[in-house]
Each structure stands twice: as structure tokens, then as C-alpha cells.
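Chemist: The residues making up each chain are set out below.
Protein chains: 2
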Amino acid sequence: EIVSVIQRHVSQQQYLHGKKILISAGPTREIVDPVRFFSNRSSGKMGFALAEAAANLGAEVTLVSGPVNLQINHPNIRRIDITSAEEMFDVITDHFDQQDIVIKSAAVADYRPKFIHQGKMKKKDGNYTIEMERTKDILATLGEKKKHQFLVGFAAETDTPIEYGLGKLDHKNLDAIVVNDISSDGAGFEGDTNIVTYINKKKQQESIHQATKTDIAYKLFEWIIRDLKDDDR
Amino acid sequence: EIVSVIQRHVSQQQYLHGKKILISAGPTREIVDPVRFFSNRSSGKMGFALAEAAANLGAEVTLVSGPVNLQINHPNIRRIDITSAEEMFDVITDHFDQQDIVIKSAAVADYRPKFIHQGKMKKKDGNYTIEMERTKDILATLGEKKKHQFLVGFAAETDTPIEYGLGKLDHKNLDAIVVNDISSDGAGFEGDTNIVTYINKKKQQESIHQATKTDIAYKLFEWIIRDLKDDDR
Chain D
1 EIVSVIQRHV SQQQYLHGKK ILISAGPTRE IVDPVRFFSN RSSGKMGFAL
51 AEAAANLGAE VTLVSGPVNL QINHPNIRRI DITSAEEMFD VITDHFDQQD
101 IVIKSAAVAD YRPKFIHQGK MKKKDGNYTI EMERTKDILA TLGEKKKHQF
151 LVGFAAETDT PIEYGLGKLD HKNLDAIVVN DISSDGAGFE GDTNIVTYIN
201 KKKQQESIHQ ATKTDIAYKL FEWIIRDLKD DDR
Chain C
1 EIVSVIQRHV SQQQYLHGKK ILISAGPTRE IVDPVRFFSN RSSGKMGFAL
51 AEAAANLGAE VTLVSGPVNL QINHPNIRRI DITSAEEMFD VITDHFDQQD
101 IVIKSAAVAD YRPKFIHQGK MKKKDGNYTI EMERTKDILA TLGEKKKHQF
151 LVGFAAETDT PIEYGLGKLD HKNLDAIVVN DISSDGAGFE GDTNIVTYIN
201 KKKQQESIHQ ATKTDIAYKL FEWIIRDLKD DDR
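First to last, the protein sequences are chains D and C.
If you count the first sequence from 1, position 54 lands on 54 in this note's numbering, and the numbers rise without skipping.
If you count the second sequence from 1, position 154 lands on 154 in this note's numbering, and the numbers rise without skipping.
Honestly, I wouldn't trust all of these hints.
[Stated by the list, open to error] Derived, one-sided and incomplete: chain D residues facing chain C with beta-carbon distance under 10 Å:
#1 Phe38
#2 Arg41
#3 Ala109
#4 Gln118
#5 Tyr128
#6 Gly188
Calculated from the structure, these hints are not laboratory results.
Everything numeric in this text was worked out from a predicted model, so none of it was measured.
Virtual Cβ for every residue (Gly too), placed ideally from N, Cα, C.
Between the sequences and the hints, there should be enough to build the whole structure, so can you do that?
Modeler: Now the structure itself:
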């Protein structure tokens, strides 16, 4: 294990040299008023592990992160913090053209409140309804725009995650998808371990049974690098 | 300033000796499905500062906290972590009878989604509405139940906060309220400083212009201790 860690950090260091990689991480927050918001349980740990692994492998990394409680400090990583899905969309699309690889591990809100209250809403008796509208679909937009970029999505699902992931891979014109069954123990958002299946465009599936998010990050880059070579980019 | 800090930690140590204090802190999370939730910007910093100050002043503290990224370690503090408004209600009402002072600094959700999805909701085209229902009003319930307890609420408002706080003080049968104008710079949820006005039952108002949450915590206990003596409890 020590040898494999050293290998990663030293001899594999060249594999992503000269590559520009954008990685998104964490949740977004969609505000209802100055105090209240909608969000999700993404901790950002998977995305931060990917950013660190990519940087150690020699890539020039742009990490676009929602509100998380994580620090990262690496000369190859430039971190950009955002709050909402709209800001995430703007930053990623602004930076997309220069990238070689884009990995969207952030859990971006699909919906946001249609109306934002300028002052804190006062509570009233009884129920009320919040009208929600769709946010822009970042992955689908990138899938349409992409030229040379290798585009990787994540699917975090509780029901039939593999089938769902395969659909998303095709539908959004991705090069690979990482499927995450968040209903399993040892997988998902807040923990330090994950259980994932990587699927590329040829529908090759690679599964990792429970491992740390750091180990998974290095494994994912092995497959991404393999598939990049196959594509002869 | 050094002298005043030492005074606090040493000579004032006796002021709350033998008192049982319950302090609530942080936000609550109201889940929509296994991934998505509704929450607010409370960081828990004010409540944790109050718990630490009370413990240093000799009290036996129960700190009931929503999901925050704060550590606390003090022999006089027992921390209980909760997630939802419902859990907060249950823990506080269970512990209420034994307390001498209860300070509700948590930002408990007033509303929660009426329906919780067991699996992650799939997104669909177009808008949708989330039906929200009221959570139980913890402060009002404590105000009705209270016997000997000194009950302190917080009001975090953007519009006419003092008037709103005075209304809440009466309406919920509180002994004091701490009013927080969260629209001011240097005040509110995420920062390390705050700007507050303490108002007791006699409508005496004490204001603290911008100070650290730790300094504000000690100041608030000075006024609480003064008002406890006045009440001759």
C-alpha cells in the first residue's frame, strides 16, 4: 500500500502532465430568502479527492466548488467558490473551452425557488407552497458544446442506478459516467468511502467495491487515462 | 481587555455555578428526499459561544445542536446533535423541566416539506411545487410550559427587528429576547461578529455594537444574571 501510494505520487506524476482538468464539487444552495435555502447532502469530498489526485498526476486543475467545509492547497489547483447552480453554470461554461477533461462531481440543484424574497419571509399560520423551476442542465450543455473535451458525469441515485447512469451517459453525450448507489452503506455523500461503477462510451463497466474517496479518485483517473488513449486524443 | 478576559474566566466563574442551562444552536435540516433538504444559514457560532461562556461561568450546559461544523470540548458541556425541527422539539421538551435557563439560539425551520420521498426524486421537465407545513413552535411551547425557567429567545430579522422582537417577547411569554439585525454588516449567521440588542420583560434594552460572538455571549450572561437576581429566582 505504501509502495502504491508512492507510485501514485511519483511515477504516475507524468500521466496528466500538460492536461487542463476542470472538476466541480460539492452542493449548490438555492436561496428562498436571505436566510433560508434549498441544498443537498454533498460534502464535496469526492470532488476534492479527484482534484488532489489530478494535481498529483501533473494536471493543471480548476476546482469549482459549492459551499463545503474542505480546504485544499496544491500549486496545481486553482479553486473557485460558487453558491448557486446559476453561478456554477456560468463559471464552468466560461472555463470549458480550455479544458481537456471535465468531471462534474458536484451535486448541482436541479430546481430552485422561482421567486426569491428580498427580506426574510415572516411565518404565517398554515401551509404554503414553494414554486420551483428547473435550473440549467450543466452536463447536457457541455455535452452539446464539447469538441475535444473528455466529459465525465456522476450519477448518484437510490433506485436502479446503473440503468439510470447508462441513460445519462447517452442522453447527455458523455465520455464516461461514474455511478454511485447512494443507498448502500459505505457509499455516497458525507462519508470518506464510496462504492462506484465507472462506465465509458463503449459501455465497459469497472466497479470499485468500498474504498476511500482518495483511492477511488486515482482508480478513476487510471480508467480516464486509458480511455483518453483509446480515443487517441 | 486581557484583564476583562481573565476576570470572565476566573472571578466570574461562580456566577452560574449550580445552574442548569440548555442552549440550542445551529440550523435544522428538513429533508425532501434522501439527498435534498431545506435549511438556513445559521452557523451555530453564537450558540456555541453561549455554551462555552456558560460552561466557563460554572453552569452545567446541555447544548442541542443542528448540523454545524463546530467542535466543542468542555467538561461542563453535554452536546446532543439533532437534524430536524421535530428532533429539536423532542430533545428540548424532554430536557426542559430540569433547566434553570433555556436559550434558544438555534434557527429552527418554521416550515418543512409536507411529503418526504423515500427514494431520490427524479427530475422532470418544467416547474413543480413543494408543499410546506408548519413545524411545531418550540419557543411558544416552552413559554406555555415554563415554571421557574428563565427563557431567552432570539429574533433574526431583516425588517423592523426591534418591533418584531418585542412582539415575540410578549407573544411567546419569554423572559428576554436577543434581537439580531441580520441585514447589517458584521451581524448575523456566518461571521464571527454580531450586533445584538437584549430586551428583558421590563422592556429594558441593552445594545452591543459589533463585537465577537464570544464577547457578546459573556455580555448576554451579565444581563441574564442581573435579570435572574431581579426576579429573585
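Chemist: Does Tyr128/D pass the interface hint, meaning its C-beta sits closer than 10 Å to a C-beta of chain C?
Modeler: holds, 5 Å
Chemist: With a cut-off of 10 Å on the beta carbons, see whether Gly188/D makes it to chain C.
Modeler: Cβ of Gly188/D sits 9 Å from chain C, so the hint holds.
Chemist: Should the hint that Phe38/D touches chain C count as held when the rule is a Cβ pair under 10 Å?
Modeler: holds, 6 Å
Chemist: Against chain C, with CB atoms and a cut of 10 Å, does the hint on Gln118/D hold up?
Modeler: Gln118/D check passes; min Cβ-Cβ to chain C is 8 Å, inside 10 Å.
Chemist: With chain C as the partner, please determine if Arg41/D meets the hint condition of a C-beta pair closer than 10 Å.
Modeler: Holds: closest Cβ of chain C sits about 6 Å from Arg41/D, inside 10 Å.
Chemist: May I ask you to test the interface hint for Ala109/D with respect to chain C, counting a Cβ-Cβ separation under 10 Å as satisfied?
Modeler: Ala109/D check passes; min Cβ-Cβ to chain C is 8 Å, inside 10 Å.
In the structure shown, no violation is registered for any of the earlier numbered hints.
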